[in-house]
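Colleague: This is what each chain is made of:
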Amino acid sequence: MEVELQRVGRSIHAAFPGRSRHPLRALDEKAMEMAAQDAELRAALFRFVDVTPACRSLDDLARHLTGYLDEVGDRPPPIEAALKMSGTKAGRTALGAASAAGVRHMAHRFIVGESPRDALRPIRHLWVNGAAVSLDLLGETTVTQAEADRYAERCHDALETLAGAAVDWPERPVLEADSQGPLPRVNLSVKVSALTPLLRPEAPTVGRDDAARRMRPLLRRAKELGAHLHIDMESVDTLEATTELVFDLLDEPKLRDGPSAGIVMQAYLRDSPEQLARALDWARSTRRKPPLVVRLVKGAYWDQEVVEARQHGWTPPVFEEKRDSDRNFEALTRTLLEGWPYVRPAIASHNLRSVAHAVACNRELGREDRDIELQVLRGLGDDLAAALCEHQLRVRIYCPIGDLVAGMAYLVRRLLENTANESFLGDRQRGVPVEELLAAP
Amino acid sequence: MTVTEQPAAFRNEPILELRRAPARESLLQALRALDTRLPLAVPVLIGGDRGATEGIDSTDPGAPERLIARAGRAGADDAAAAVEAAVRGAREWASRPAAERAQILRAAADRLRERRLELAALQVRECAKPWGEADGDVCEAVDFLEYYALQAIALERGPELLQAPGERNTMRYVPRGVAAVIAPWNFPLAIPCGMTAAALAAGNAVVLKPAEQSPGSAGALVEALHAAGVPGDALSLVPGYGEAGAALVRDPRVHVIAFTGSAAVGLEIVRAAGETPDGQHHVKRVVAEMGGKNCVIVDSDADLDDAVPEIVRSAFNYAGQKCSAAARVLVHEAAADDLLERLSGAVDVLKVGQAESFATEVPPVIEREAQDRVRRYAEIAERDGTIVGRAEGGPGEGWFCAPTVAADLSPDSAVLWEEVFGPLLAVTRVRDTDEACDIVDSLPFALTGGLFSRSPATVERVAARTPVGNLYVNRGITGAMVARQPFGGNRRSGSGSKAGGPDYLLQFVEPRVVTENTMRQGIPVE
Numbered sequence: 001m002e003v004e005l006q007r008v009g010r011s012i013h014a015a016f017p018g019r020s021r022h023p024l025r026a027l028d029e030k031a032m033e034m035a036a037q038d039a040e041l042r043a044a045l046f047r048f049v050d051v052t053p054a055c056r057s058l059d060d061l062a063r064h065l066t067g068y069l070d071e072v073g074d075r076p077p078p079i080e081a082a083l084k085m086s087g088t089k090a091g092r093t094a095l096g097a098a099s100a101a102g103v104r105h106m107a108h109r110f111i112v113g114e115s116p117r118d119a120l121r122p123i124r125h126l127w128v129n130g131a132a133v134s135l136d137l138l139g140e141t142t143v144t145q146a147e148a149d150r151y152a153e154r155c156h157d158a159l160e161t162l163a164g165a166a167v168d169w170p171e172r173p174v175l176e177a178d179s180q181g182p183l184p185r186v187n188l189s190v191k192v193s194a195l196t197p198l199l200r201p202e203a204p205t206v207g208r209d210d211a212a213r214r215m216r217p218l219l220r221r222a223k224e225l226g227a228h229l230h231i232d233m234e235s236v237d238t239l240e241a242t243t244e245l246v247f248d249l250l251d252e253p254k255l256r257d258g259p260s261a262g263i264v265m266q267a268y269l270r271d272s273p274e275q276l277a278r279a280l281d282w283a284r285s286t287r288r289k290p291p292l293v294v295r296l297v298k299g300a301y302w303d304q305e306v307v308e309a310r311q312h313g314w315t316p317p318v319f320e321e322k323r324d325s326d327r328n329f330e331a332l333t334r335t336l337l338e339g340w341p342y343v344r345p346a347i348a349s350h351n352l353r354s355v356a357h358a359v360a361c362n363r364e365l366g367r368e369d370r371d372i373e374l375q376v377l378r379g380l381g382d383d384l385a386a387a388l389c390e391h392q393l394r395v396r397i398y399c400p401i402g403d404l405v406a407g408m409a410y411l412v413r414r415l416l417e418n419t420a421n422e423s424f425l426g427d428r429q430r431g432v433p434v435e436e437l438l439a440a441p
Numbered sequence: 001m002t003v004t005e006q007p008a009a010f011r012n013e014p015i016l017e018l019r020r021a022p023a024r025e026s027l028l029q030a031l032r033a034l035d036t037r038l039p040l041a042v043p044v045l046i047g048g049d050r051g052a053t054e055g056i057d058s059t060d061p062g063a064p065e066r067l068i069a070r071a072g073r074a075g076a077d078d079a080a081a082a083v084e085a086a087v088r089g090a091r092e093w094a095s096r097p098a099a100e101r102a103q104i105l106r107a108a109a110d111r112l113r114e115r116r117l118e119l120a121a122l123q124v125r126e127c128a129k130p131w132g133e134a135d136g137d138v139c140e141a142v143d144f145l146e147y148y149a150l151q152a153i154a155l156e157r158g159p160e161l162l163q164a165p166g167e168r169n170t171m172r173y174v175p176r177g178v179a180a181v182i183a184p185w186n187f188p189l190a191i192p193c194g195m196t197a198a199a200l201a202a203g204n205a206v207v208l209k210p211a212e213q214s215p216g217s218a219g220a221l222v223e224a225l226h227a228a229g230v231p232g233d234a235l236s237l238v239p240g241y242g243e244a245g246a247a248l249v250r251d252p253r254v255h256v257i258a259f260t261g262s263a264a265v266g267l268e269i270v271r272a273a274g275e276t277p278d279g280q281h282h283v284k285r286v287v288a289e290m291g292g293k294n295c296v297i298v299d300s301d302a303d304l305d306d307a308v309p310e311i312v313r314s315a316f317n318y319a320g321q322k323c324s325a326a327a328r329v330l331v332h333e334a335a336a337d338d339l340l341e342r343l344s345g346a347v348d349v350l351k352v353g354q355a356e357s358f359a360t361e362v363p364p365v366i367e368r369e370a371q372d373r374v375r376r377y378a379e380i381a382e383r384d385g386t387i388v389g390r391a392e393g394g395p396g397e398g399w400f401c402a403p404t405v406a407a408d409l410s411p412d413s414a415v416l417w418e419e420v421f422g423p424l425l426a427v428t429r430v431r432d433t434d435e436a437c438d439i440v441d442s443l444p445f446a447l448t449g450g451l452f453s454r455s456p457a458t459v460e461r462v463a464a465r466t467p468v469g470n471l472y473v474n475r476g477i478t479g480a481m482v483a484r485q486p487f488g489g490n491r492r493s494g495s496g497s498k499a500g501g502p503d504y505l506l507q508f509v510e511p512r513v514v515t516e517n518t519m520r521q522g523i524p525v526e
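Going down the list, the sequences are from chains U and E. For the first sequence, counting from 1, position 196 maps to 196 in our numbering; every step adds exactly one. For the second sequence, counting from 1, position 95 maps to 95 in our numbering; every step adds exactly one.
The set of hints was computed from the structure by calculation and includes no laboratory data. Being a predicted model, the structure only gives us computed values, none of them experimental. Each residue gets a CB set at the ideal place from its N, CA and C atoms; glycine is no exception. Heads up, a few of these hints could be off.
[What the hints assert, rightly or not] Below, a sample of chain E positions facing chain U; criterion: calculated Cβ distance under 7 Å: (1) GLY242; (2) ARG313; (3) SER455.
[To be verified] Chain U stretches covered by chain E per the calculated footprint, using a threshold of three residues with CB under 8 Å from any CB of chain E: (4) 44-51; (5) 118-132.
Go ahead and model the full structure; you've got the sequences and the hints to work with.
Modeller: Next up, the structure:
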C-alpha cells in the first residue's frame with residue numbers, strides 16, 4: 001500500500017504544471033509570500049481585504065489601508081512607499097485604486113464569477129479540459145427570513161441555469177459515470193446557515209426545521225433536473241442541525257430515490273470517526289439510490305473552532321496538531337472507501353499525500369479509479385487538478401460564485417489557508433522535495 | 001486546613017457546551033428534579049439562627065401561579081440584629097489569615113460547581129433566565145469566589161513603599177468591618193455572590209439582602225458559603241423589601257454598602273450613606289453599580305454580518321434585563337438603511353417563549369410592573385417614532401413583552417434618554433462617529449458601549465472620547481467575564497469600581513501605613 005501510495009504520489013507530482021504560468025498570478029503569489037513570512041503584514045492584508053467592500057470611496061479605502069499598515073512594525077520598502085503616498089489626496093486615490101484592483105484580482109483567483117450566468121464560460125472550459133465543478137453561492141450571513149428566501153432563489157436559479165447549459169457540454173466519460181451508474185453534470189453545494197436565520201447551536205431543531213422548508217423544494221427540483229445537491233458542513237455550532245436535516249429529508253418518501261445528494265465529513269474534528277460511522281450506518285440501512293456522496297475534507301473553520309473553545313474554556317473539538325488531522329484523514333479515507341457501494345466517496349484535499357493515499361487505498365480495495373472522486377478548491381488546487389486530470393482521475397473543482405461583498409468571508413479564509421505556515425501549498429511554493437510532501441504524517 | 005497553600009492561577013469556569021445534546025439533557029433533568037422540590041424554603045438567617053420563614057414568595061415570571069421559593073421577610077429589626085451579629089463576626093473573621101479565608105471561599109466555589117445544574121435550573125424558574133444565561137451566571141459566581149480568593153492573598157502582602165535609611169515603612173490593607181450587600185435579581189447568583197465574596201475575602205462580615213424576586217438563588221449562595229466554613233455571624237441573610245435595605249444603609253455600624261440595582265435606589269443610598277450621625281466613627285463607603293442607557297455605534301465601514309446578530313443579542317437576550325444591555329444604536333447614515341432592514345428582520349424572527357425551552361431567545365420579563373413599564377415605553381416609541389421590527393409576543397400567561405426596534409424617534413423622546421430595562425431598542429441615524437460620540441456624551445449614564453468599525457483610527461478616537469466603563473469593539477456589549485473584562489460604570493452608572501477586576505477588593509479595605517524609626521543610639525538597627 002505505502003509503495004503504491006509513493007508511486008501514485010510521485011506520478012501526480014511529476015504532472016504538476018510549471019509554476020507561475022501567468023504573470024499576474026506570480027504577483028499574487030509574491031504578495032502572499034510576503035504575508036506568509038510576516039504575521040503583522042498578514043494581519044494588515046487580511047483586515048484590508050476584509051474591509052474593502054465596505055469602503056465608500058478610494059480615499060476611504062486608502063485611509064483604511066494605511067491605518068492597518070501603520071500597525072506593521074517592520075515595513076518592507078513597498079509598504080513604506082505606500083504609506084508615503086497616502087499623505088496627499090491624489091496619492092490616496094491612486095493607492096486606493098491600485099489596492100482595490102489588487103483585491104479584485106485576488107478575488108477572481110478564488111471566485112469564478114458574480115452569478116451562475118457569469119460562471120458558465122469558465123465552468124464549460126473546465127469541463128472541456130477534464131474537470132467537473134460544484135458551484136457554491138457565496139452570500140452574506142443570513143439573519144432574516146428575506147435573506148434566506150433570496151439565497152434559496154439563487155440556488156434555484158443556479159440549478160436551472162446550469163442544467164440549461166450543461167446539456168450542450170461535450171461528453172466526458174471520466175466525469176459522467178462510475179461503476180454504479182451515471183453521475184450528474186450539474187452539481188451545486190448549499191449551506192444550511194444560508195437557508196435559515198434560525199440556526200442556534202443550543203436549539204438545533206428550530207434551524208433544522210426552518211431550513212428544511214427551503215431545502216425540500218431544492219432537493220425536489222434537483223431530482224427533476226437530474227442535478228446533484230451537496231450540503232456543505234460549517235462550524236460545529238451547526239453540525240447537529242445540518243446532519244439531522246440531511247438524514248431526515250433524504251429519508252422522506254418523495255426524496256428516497258433521488259436526487260443525488262451529499263454530505264461532508266471534516267477530518268479535523270476529534271469525533272469525526274463517530275460522525276462518519278453514523279453516516280455509513282445510515283447509508284447501509286437506507287440503501288439509498290443514487291448513493292449518498294460523502295465528501296471528506298480537512299475542515300475550514302479551524303481557527304474559529306479553536307478560538308471559540310479557548311474563549312469558553314472548552315477542549316477544542318478539532319485536532320490541534322496538523323499531523324493528527326492528516327492521520328485521521330487517512331483513517332477516515334479508508335473507512336469511507338470501505339463504505340462503497342452504499343456511499344460514493346469524494347476526497348477533497350490539496351495535500352498530495354492525502355490524495356495519493358486515497359487513490360492507492362481505493363486500488364488496494366480492488367476498486368476502479370472511477371469509483372472515487374477527488375475534489376479541490378478553485379484558486380488553491382488548480383495545479384493539483386491539472387495533474388489529476390492528466391492521470392484520468394475524476395476531479396471536481398469547488399467553484400464559489402458571488403460578488404466581492406458576498407465573497408469576502410470566503411476570500412479571507414482562503415488567503416489564510418494560502419499563507420499558513422503549515423499548508424501543503426506553502427510547502428510546494430517553498431520547493432519542499434517530493435519525499436517530504438509524501439512523508440507519512 | 002493548611003493556610004499556606006497557594007491557590008492555582010485563575011481561570012474562568014467553563015460554561016456548558018450547550019451545542020451538545022447531552023449537556024442540554026442534563027439541564028432538563030436537573031429542572032425536572034428541581035420541580036419536585038418546589039417551593040424552596042429560604043428563612044431569614046441571622047448569626048446562624050433561623051428567623052422568619054414567610055412573607056416573601058417568588059414566582060415563575062413565565063407562569064406566575066407557580067411558587068418557586070417561600071422566604072422569610074426581614075424587617076428593620078432583623079436588619080439591626082443581623083448587623084449586630086456581623087459586628088461580632090467581623091472581629092473573628094478578620095483575624096484569620098487571608099489564605100484561610102480564601103480557602104473557604106474556594107470551597108464554596110466547589111459547592112456551587114457541584115450544584116451547578118440545579119442552580120441554573122433554579123434561575124430558569126425563579127427569574128425566567130434562559131439556560132445559556134443561567135449557566136453563565138452560575139459560572140460567574142464561581143469565578144468571583146475563585147478570583148477574589150486569589151486577590152485577597154495578594155492584597156494581604158501590601159504594596160512596596162520607598163525605604164530610606166533609618167526607617168522602615170510598611171503598608172497594609174485591613175478590613176473595614178461590616179458590609180451590607182444589596183443585590184438585584186437579574187444575576188440572581190453571580191451579583192450577590194460577587195459583592196459578598198469580595199467583602200468576605202477582604203475580611204469583612206456581610207449582611208446580604210437579596211432582591212425580593214430571587215430569594216431562592218440567594219439562599220443557595222448563603223448555604224454554600226456557610227457549608228464551606230464561613231461562620232454564621234460573618235454572613236447573615238435578610239430577604240426583604242425596601243425597609244430591610246433602608247435599615248442596613250442607615251445603620252451606623254455598617255462600614256461598606258455594596259449595591260447593584262437601579263439608579264434611583266443607588267442615588268438614594270449614596271445620599272443616606274453620606275449621613276454621619278453622632279456615635280458613627282467612620283465615613284461609609286458606597287460601592288454602587290447602577291443603570292445604563294447603553295449605545296452601540298455602527299460606523300459606515302462596519303461589518304453588518306457581525307453587527308446585526310451581536311446587536312440583537314446585546315439588546316434582547318434575557319429580554320434586555322441586564323444593566324449592560326444595548327438600548328440604543330447610533331448608526332452612520334451611509335449604513336443606516338441596510339442596518340435597519342437587516343436588524344428589523346432579525347428581530348422579527350426572535351423566539352419569545354418560556355425560559356426552559358432551549359429555543360427561547362427572549363423570555364418574559366421579571367414581573368407585572370416590568371411588563372407595564374416596557375409596554376408604556378413601547379407605546380411612547382410608537383407615538384414618537386416608527387416601529388421597524390417586532391417579534392411575536394409569546395404565550396399568554398407570563399410577563400411577556402414583544403421585542404421591539406424603533407427608529408426615527410423625536411430627539412427628546414423619553415425612549416432615547418430613560419432606562420427601559422426591557423426588550424426595546426432605539427435606532428438613531430448619525431452623520432458620523434463624532435456625532436454619535438456627542439450623543440453618548442450627553443447621556444447621564446456611562447456603563448457599557450459598543451463600536452462596530454474596521455478603522456484603527458476610529459476605534460482609537462471613540463475609545464478616547466467615550467466615558468463608558470466598558471467599551472466593546474466589534475462584538476456584543478454584554479457578558480463581561482471575571483478577570484477578562486472588569487465590569488462597572490462611570491457617571492450615574494456607578495461609583496467607578498470594577499467588579500471582577502484587580503482593584504475591586506480595595507473598596508472593602510482601609511489602608512494603614514506604619515513607619516518605624518530603626519535608629520538606636522545613632523545606629524540603624526535593621
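Colleague: Would you mind marking each hint as holding or not holding in the structure?
Modeller: So, going through the hints one by one against the coordinates:
With a cut of 7 Å, the hint placing GLY242 of chain E at the interface with chain U is violated, because the nearest CB-to-CB distance is about 37 Å. Evaluation of the ARG313 of chain E hint against chain U yields a violated restraint, the C-beta minimum of about 11 Å exceeding 7 Å. Taken as an interface hint, SER455 of chain E checks out: its beta carbon lies about 6 Å from the nearest beta carbon of chain U, inside 7 Å. Coverage of the region 44-51 of chain U by chain E holds in this model, with 3 residues showing a Cβ closer than 8 Å to a Cβ of that chain against a need of three.
Only residues whose beta carbon comes within less than 8 Å of a beta carbon in chain E count, and the region 118-132 of chain U has 0; fewer than three means the coverage is violated.
The structure fails hints 1, 2 and 5 (numbered hints given earlier, in ascending order).
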